[in-house]
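J.: The lines below spell out each chain.
There are 2 protein chains.
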Amino acid sequence: MRISELSQLSGVSTASIKYYVRAGLLHEGARQGYNHTEYDTSHQERLRLIRVLLDEGGLTIAKAQTVLAAVDAPDASLVEIMEVAQRALPMSRQPASPWAVALVKEACSQRDWIVEEGNAGIMMVAQVLDVLHDLGRLDLLSLLPAYADAADAVARADVGAITPVKDRAGTANMVVVGTALGDRALQGLRRIAQGNYVRREAAKA
Amino acid sequence: MRISELSQLSGVSTASIKYYVRAGLLHEGARQGYNHTEYDTSHQERLRLIRVLLDEGGLTIAKAQTVLAAVDAPDASLVEIMEVAQRALPMSRQPASPWAVALVKEACSQRDWIVEEGNAGIMMVAQVLDVLHDLGRLDLLSLLPAYADAADAVARADVGAITPVKDRAGTANMVVVGTALGDRALQGLRRIAQGNYVRREAAKA
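Chains L and E are the protein sequences, given in the same order. For the first sequence, position 69 matches number 69 in our numbering, and the numbering has no gaps at all. If you want our numbering, it's the 1-based position in the second sequence plus 205.
Hints are supplied without guarantee of correctness; some may be wrong.
Stated by the list, open to error - Just a few of them, taken from the derived set where beta-carbon distance is under 10 angstroms, the chain L residues facing chain E:
#1 Gly11
#2 Lys18
#3 Ala146
#4 Arg191
#5 Tyr197
It should be emphasised that the hints constitute simulated quantities derived from the structure, not laboratory data. Given the structure is predicted, the values throughout are model-derived calculations rather than measurements. All C-beta atoms, glycine included, are put in the ideal place defined by N, C-alpha and C.
Work out the full structure, taking the sequences as your base and the hints as a guide.
T.: Okay, here's the thing in structure tokens:
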């Protein structure tokens, strides 16, 4: 198909398609002659992944390049792709205190979780603990086990859904998409469920 | 205390403190005479809440005004404060398809969740379903029950932690802080737990 058809099918403008090719996110089409480059369904699939990374994941072009390079690397393991995807997703640049990091690591080892050094999640949780400390609300640490149980159940389901996929590109795609979309799904469901419990409490009172 | 001491104790610059007063986020201090305004611990506590809204919640000044107005309203119920806080937190402006919204509502009613019209979570989850549809990955809908179970458990813990607080300001504070921080804690824990399960799968293979 020509670039105009690819644009129509993918909902991505021809200018953006050309930009993604120049930035190395999308592989070039086959040149058929002057002003005619042929694209196929592999470009369509790749554009879907690129849009998820940029729109859903909120990645910069540079971060998307890093993730897609991992997806494309013939020898990258699933673990490596997941770590690259996790690190590329936007997160706070603030450092966490050694106290908070130690607390998170201790909580993980109590659950017998295998934790790699530099996992993006450690800093995210540690920063939350620091804020609770600053707010004088360390009583809320009592919620940590409930949150960790929930995260454990979701992650087990996530990884269970990933492993049955056999082809590498599909797996990589799913890990990247799942990391970004799963966060949002969980946030949304938490808000709905909070609404439910607050209303039930209000009805009781 | 004078503004310089308040600045030092709160870690907020005097320029920002003055700005928050002008913007109506922070109540004025007591004027003691020319160039001397007296602040107290109520200002310190309010500054903490403001910083959480702006830094952790990622709220704009305008959105923070809305949330703080709900916190200050003498007759606002806990349900109302929670809804205002949930809606103020940054989220995608994209609409969701009627198909996805209906699917989310159906999943909620199957769980016997009381869902208010316009809950921020419905659109968040529906948008995720739309993306999965566009990606041709509706098979991942099989994960929805695991996510909903996890969200249910976390929300029950959230609301259980809120209700024991007796004073209104403390409750409002906690709802606002908890909505923003809880998302981040859950995201981080999910990443750590994913790392654990992926490594265990890799070890098995």
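J.: Hint by hint, say whether it matches the structure.
T.: Going down the list of hints, with the structure as the test:
1. Gly11: holds (9 angstroms)
2. Lys18: violated (22 angstroms)
3. Ala146: holds (4 angstroms)
4. Arg191: holds (3 angstroms)
5. Tyr197: holds (4 angstroms)
Comparing the model with each numbered hint stated earlier shows that hint 2 is the single one that does not hold.
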